[in-house]
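So the chains spell out like this:
There are 2 protein chains.
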Amino acid sequence: MDQERLLRELSEFLSIPSVSTMSAHDADVRRAAEWVAAELRRLGCQEVEFLGSDVHPVVWGVGPEVPGAPTLLIYGHYDVQPPDPLREWVSPPFEPTVRGGRIFARGAVDDKGQVFALLKAVEACGTPPVNLRFLLEGEEEYGSAVLFDLLRKQPQRTAADAVLVADMAYIAPGWPAVYNVLRGICYAEIHVRTARSDMHSGEYGGAAPNAHEALVRLLGRLKTEDGKIHVPGLYEAVRRPSRQELAAWKKLPFKEREFLKQRVGGKALTGLARYSVLERLWALPTFEIHGIVGGFTGEGAKTVIPAEATAKVSLRLVPDQKLSRVERQFATAVRKHTPKYADVSVKFLHGADPAVVKLDHPVFGILDRAFREVVGRGVVPVRAGGTIPIVPALGQRGAPVVLTGIGLPDDGLHAPNEKLDLQQLWDGIEVFKRFYELFGAEGRQ
Amino acid sequence: MDQERLLRELSEFLSIPSVSTMSAHDADVRRAAEWVAAELRRLGCQEVEFLGSDVHPVVWGVGPEVPGAPTLLIYGHYDVQPPDPLREWVSPPFEPTVRGGRIFARGAVDDKGQVFALLKAVEACGTPPVNLRFLLEGEEEYGSAVLFDLLRKQPQRTAADAVLVADMAYIAPGWPAVYNVLRGICYAEIHVRTARSDMHSGEYGGAAPNAHEALVRLLGRLKTEDGKIHVPGLYEAVRRPSRQELAAWKKLPFKEREFLKQRVGGKALTGLARYSVLERLWALPTFEIHGIVGGFTGEGAKTVIPAEATAKVSLRLVPDQKLSRVERQFATAVRKHTPKYADVSVKFLHGADPAVVKLDHPVFGILDRAFREVVGRGVVPVRAGGTIPIVPALGQRGAPVVLTGIGLPDDGLHAPNEKLDLQQLWDGIEVFKRFYELFGAEGRQ
Numbered sequence: 106m107d108q109e110r111l112l113r114e115l116s117e118f119l120s121i122p123s124v125s126t127m128s129a130h131d132a133d134v135r136r137a138a139e140w141v142a143a144e145l146r147r148l149g150c151q152e153v154e155f156l157g158s159d160v161h162p163v164v165w166g167v168g169p170e171v172p173g174a175p176t177l178l179i180y181g182h183y184d185v186q187p188p189d190p191l192r193e194w195v196s197p198p199f200e201p202t203v204r205g206g207r208i209f210a211r212g213a214v215d216d217k218g219q220v221f222a223l224l225k226a227v228e229a230c231g232t233p234p235v236n237l238r239f240l241l242e243g244e245e246e247y248g249s250a251v252l253f254d255l256l257r258k259q260p261q262r263t264a265a266d267a268v269l270v271a272d273m274a275y276i277a278p279g280w281p282a283v284y285n286v287l288r289g290i291c292y293a294e295i296h297v298r299t300a301r302s303d304m305h306s307g308e309y310g311g312a313a314p315n316a317h318e319a320l321v322r323l324l325g326r327l328k329t330e331d332g333k334i335h336v337p338g339l340y341e342a343v344r345r346p347s348r349q350e351l352a353a354w355k356k357l358p359f360k361e362r363e364f365l366k367q368r369v370g371g372k373a374l375t376g377l378a379r380y381s382v383l384e385r386l387w388a389l390p391t392f393e394i395h396g397i398v399g400g401f402t403g404e405g406a407k408t409v410i411p412a413e414a415t416a417k418v419s420l421r422l423v424p425d426q427k428l429s430r431v432e433r434q435f436a437t438a439v440r441k442h443t444p445k446y447a448d449v450s451v452k453f454l455h456g457a458d459p460a461v462v463k464l465d466h467p468v469f470g471i472l473d474r475a476f477r478e479v480v481g482r483g484v485v486p487v488r489a490g491g492t493i494p495i496v497p498a499l500g501q502r503g504a505p506v507v508l509t510g511i512g513l514p515d516d517g518l519h520a521p522n523e524k525l526d527l528q529q530l531w532d533g534i535e536v537f538k539r540f541y542e543l544f545g546a547e548g549r550q
Numbered sequence: 106m107d108q109e110r111l112l113r114e115l116s117e118f119l120s121i122p123s124v125s126t127m128s129a130h131d132a133d134v135r136r137a138a139e140w141v142a143a144e145l146r147r148l149g150c151q152e153v154e155f156l157g158s159d160v161h162p163v164v165w166g167v168g169p170e171v172p173g174a175p176t177l178l179i180y181g182h183y184d185v186q187p188p189d190p191l192r193e194w195v196s197p198p199f200e201p202t203v204r205g206g207r208i209f210a211r212g213a214v215d216d217k218g219q220v221f222a223l224l225k226a227v228e229a230c231g232t233p234p235v236n237l238r239f240l241l242e243g244e245e246e247y248g249s250a251v252l253f254d255l256l257r258k259q260p261q262r263t264a265a266d267a268v269l270v271a272d273m274a275y276i277a278p279g280w281p282a283v284y285n286v287l288r289g290i291c292y293a294e295i296h297v298r299t300a301r302s303d304m305h306s307g308e309y310g311g312a313a314p315n316a317h318e319a320l321v322r323l324l325g326r327l328k329t330e331d332g333k334i335h336v337p338g339l340y341e342a343v344r345r346p347s348r349q350e351l352a353a354w355k356k357l358p359f360k361e362r363e364f365l366k367q368r369v370g371g372k373a374l375t376g377l378a379r380y381s382v383l384e385r386l387w388a389l390p391t392f393e394i395h396g397i398v399g400g401f402t403g404e405g406a407k408t409v410i411p412a413e414a415t416a417k418v419s420l421r422l423v424p425d426q427k428l429s430r431v432e433r434q435f436a437t438a439v440r441k442h443t444p445k446y447a448d449v450s451v452k453f454l455h456g457a458d459p460a461v462v463k464l465d466h467p468v469f470g471i472l473d474r475a476f477r478e479v480v481g482r483g484v485v486p487v488r489a490g491g492t493i494p495i496v497p498a499l500g501q502r503g504a505p506v507v508l509t510g511i512g513l514p515d516d517g518l519h520a521p522n523e524k525l526d527l528q529q530l531w532d533g534i535e536v537f538k539r540f541y542e543l544f545g546a547e548g549r550q
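Those protein sequence lines, which keep their order, are chains W and H.
Using this note's numbering, the letters of the first sequence correspond one by one to residues 106 to 550.
Using this note's numbering, the letters of the second sequence correspond one by one to residues 106 to 550.
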């Protein structure tokens, strides 16, 4: 592999700030789509199209026809999370920088770096012995609305013998993984209003209702101190993992203390203490506050009583919770817990049901072999705490969805200083190349 | 009065965005200082100096000598609060606009408009029969550090027969007021850290400590639902108003229901329900949240578990609380109420002791007469919920500090659409002119 050229090309891709959640970056998202389309054309795709949106298009590609060979649908996303807090980045998020054998940039691992590996593995094959289809979207970090709509109208796009999704990570260094459950998500904004407009805390303080105080009380009530989410009915649908699954998790290279010290870097973990940390991360719903908007947050001091405040929050969902039901339960709980002096409204920004994948198709054996041959260890079946909303739709025509990836647990996705280990990248290209070859030979059931 | 010219000049003054709490506006603060200095020179001050700071200078002026006449020190400030939330302004905060007999702009009443009235009253006198001194500062909204320092080093600047401070309001339309107590303030930032850096809520949610959750719990504990501040010892020093004072407040033109509906515009008032609203506003300490920094507050959705969060908060202090003691009490309470999994620190940005003014000096009778002659009603003695930190230092040489003003209760100071009633301005200029005249004749005790 010409690593120098590959690094140059990856840096080019990563330097496009394709932040799908911020309309100011619409042109950048489009630019990233064009970068991907050009790559697909270079790889010999006759058919390369932008589907569903001019702003955040789904890039659709059809590789050279290989008569009699199975069809593999490759999914990935070229959009990225916002980069803030900017000041915590050692090098700027959209100026990819290599330090200590890792490339640092927003999207390095989630998911541009992995999309890059999938594409460069095709290149490395020369002529892959498999019919390739590409669905590379630009809105994964914003709920995948465009792709959802596309796949509802054109479900035949998912007709394939298998779907490969490389948006995940190893469970530990040296331990590649395949994922059988992804949590769902319910993302909401809670808006509270207590007065007509912001007030002077000298003039009004002591008697006027403070929107931040109302919001703080509400948020405090939505989860108990010990980590139980205080939304009536929320846990009813939660199915505990089987005894076998829980036993298998105990054998994984995962240490709670190491998770706290190495990865979180905090004083203590939180959540429901009677469950293991992996069960909390993979098999229980969550409620998290992401940020609070309103009042005065600038430099210095402003003595204002805020009249309105908005919390950005989300819940993660697990089997067998349903997004539509959770939305209803959550909206009811919010109304119930809001102090009487405040008006409250809940706006759901996006969501996804949890996804369950059965690992009984031969493609999972092929994935295992590809990793085993290249990195010396096969894939261990695990769950993921995160969400890829589109996964159920990708499998709607019955193709098994292979959820794997080349990231490492400390890559810092969605966080400052997101990175991709270069050795993981080089290995990943080899693994995917081998996967294409094996799947081409044996992938048709 | 040439109202057209005066309005033009006032607009010029108000259009300078002299926001002292934001370093980006340093040059604007300086520009406002220069505007004030030019006015003082036009009014015949031989001595006009910038003291204490090049950035936020105190403008010092000495009016023409009037042998044998008493000396009046005039205090005001030419800096203003930040204008956000910008989108709530009907017209831009630094483009003064007259609508319905009122001028709308940041600083219209607090305090540029009132400084303007004081200066134009001098102009209206021609040659005022009083020795005037001016101390016009540029950091009132940021704790008055420069002026504090100046008056500590040069207390003789406050040598006068009386000090006039016009930074206040009528108690109701048609009811001018004189103030005998100002609350103090203790402004702090509470910073919470729970992890090394922001984390992905999918990967970490359920077990990783969330800084916003820690902060929300802490803030919720610092005040009970019914409005009692949960800081041990805080209420010990609080002296209740005398029975006479409480009885006098009952006769004021103030209706709690009207306060809620007309001024707050909310569903209900908050705070300690067993005290009257005026007692809550004037004679009890407060704890208010002004804003919460950290996590994701941009457009759209970002699924991050914040590693740090900062709350901007303040307490208002009442007689006989001491700032230094409250700071210690508050820091102790914050440490005590912070969840164990979080590191917390408290930074005090600025503060002031409460101020008490005895109304037994003849100057208060003069003020009463000036208002009575011009607007038909004398001043009613009241308290203020707000703070002017420098007041105790202004009275340090024994001069009585006259706290009054020409604002109205609904002027919206520190809020969007701050305004000054033009009739209040024209009346105010006449009142101050009459006050200078009466004080020149009778002000020497």
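Worth double-checking, as some hints may not be accurate.
Copies of the same chain are indistinguishable here, so a pair counts whether it falls within one copy or spans any two.
[To be verified] Heads up, simulated DSSO-like pairs for lysine-lysine below, C-alpha to C-alpha not over 30 Å straight-line:
#, residue 1, residue 2
1, Lys360, Lys463
2, Lys366, Lys355
3, Lys333, Lys441
4, Lys445, Lys333
5, Lys441, Lys372
6, Lys258, Lys355
7, Lys427, Lys372
8, Lys333, Lys427
9, Lys258, Lys445
10, Lys356, Lys258
11, Lys372, Lys452
12, Lys258, Lys452
13, Lys372, Lys445
14, Lys452, Lys333
15, Lys441, Lys366
16, Lys366, Lys258
17, Lys356, Lys452
18, Lys356, Lys333
19, Lys427, Lys366
Hints in this document: simulated from the structure, not taken from any laboratory.
Predicted model only: the values in this text are computed from it and were never measured.
Comparing the hints with the structure gives:
Proximity of lysine 360 and lysine 463 under a CA criterion of 30 Å is satisfied intra-copy only: 27 Å inside one chain copy versus 68 Å between copies. Taking CA atoms no more than 30 Å apart as the test, lysine 366 paired with lysine 355 passes inside one copy only; the shortest distance there is 19 Å, against 60 Å between copies. Proximity of lysine 333 and lysine 441 under a CA criterion of 30 Å is satisfied in both settings, with 17 Å inside one chain copy and 23 Å between copies. With identical chains, the CA atoms of lysine 445 and lysine 333 are at most 30 Å apart both within one copy (24 Å) and between copies (17 Å).
For the homomeric pair lysine 441 and lysine 372, the shortest alpha-carbon distance between copies (16 Å) is at most 30 Å, but the shortest distance inside one copy (33 Å) is not. Taking CA atoms no more than 30 Å apart as the test, lysine 258 paired with lysine 355 passes in neither setting, with 43 Å inside one copy and 69 Å between copies. Taking the shortest alpha-carbon separations for lysine 427 and lysine 372, neither the intra-copy value of 34 Å nor the inter-copy value of 35 Å comes in at or below 30 Å. In this homomeric assembly, lysine 333 and lysine 427 come within 30 Å of each other (Cα to Cα) only inside a single copy, at 19 Å, whereas the closest approach across copies is 41 Å.
For the identical chains of this complex, lysine 258 and lysine 445 are neighbours neither inside a copy (45 Å) nor across copies (51 Å), given an alpha-carbon limit of 30 Å. Taking the shortest alpha-carbon separations for lysine 356 and lysine 258, neither the intra-copy value of 43 Å nor the inter-copy value of 71 Å comes in at or below 30 Å. In the homo-oligomer, the alpha carbons of lysine 372 and lysine 452 lie at most 30 Å apart only across protomers (22 Å), although the nearest pairing inside one protomer, at 34 Å, exceeds that limit. For the homomeric pair lysine 258 and lysine 452, the shortest alpha-carbon distance inside one copy (26 Å) is at most 30 Å, but the shortest distance between copies (56 Å) is not.
In this assembly of identical chains, the alpha carbons of lysine 372 and lysine 445 lie at most 30 Å apart only when taken from different copies (8 Å versus 36 Å within one copy). Taking the shortest alpha-carbon separations for lysine 452 and lysine 333, only the intra-copy value of 23 Å comes in at or below 30 Å, while the best inter-copy value is 32 Å. Taking the closest pair of Cα atoms, lysine 441 and lysine 366 come within 30 Å of each other only across two copies (24 Å); inside a single copy the shortest separation is 38 Å, beyond that limit. In the homo-oligomer, the alpha carbons of lysine 366 and lysine 258 never lie at most 30 Å apart, since the shortest distance is 47 Å inside one protomer and 51 Å across protomers.
With identical chains, the CA atoms of lysine 356 and lysine 452 are never at most 30 Å apart, being 41 Å at best within one copy and 46 Å at best between copies. Taking the closest pair of Cα atoms, lysine 356 and lysine 333 come within 30 Å of each other only inside a single copy of the chain (27 Å); across copies the shortest separation is 51 Å, beyond that limit. For a Cα distance limit of 30 Å, the shortest separation of lysine 427 from lysine 366 qualifies neither inside one copy, at 34 Å, nor across copies, at 42 Å.
Figure legend: structure checked against the earlier numbered hints; hints not met, in rising order: 6, 7, 9, 10, 16, 17 and 19.
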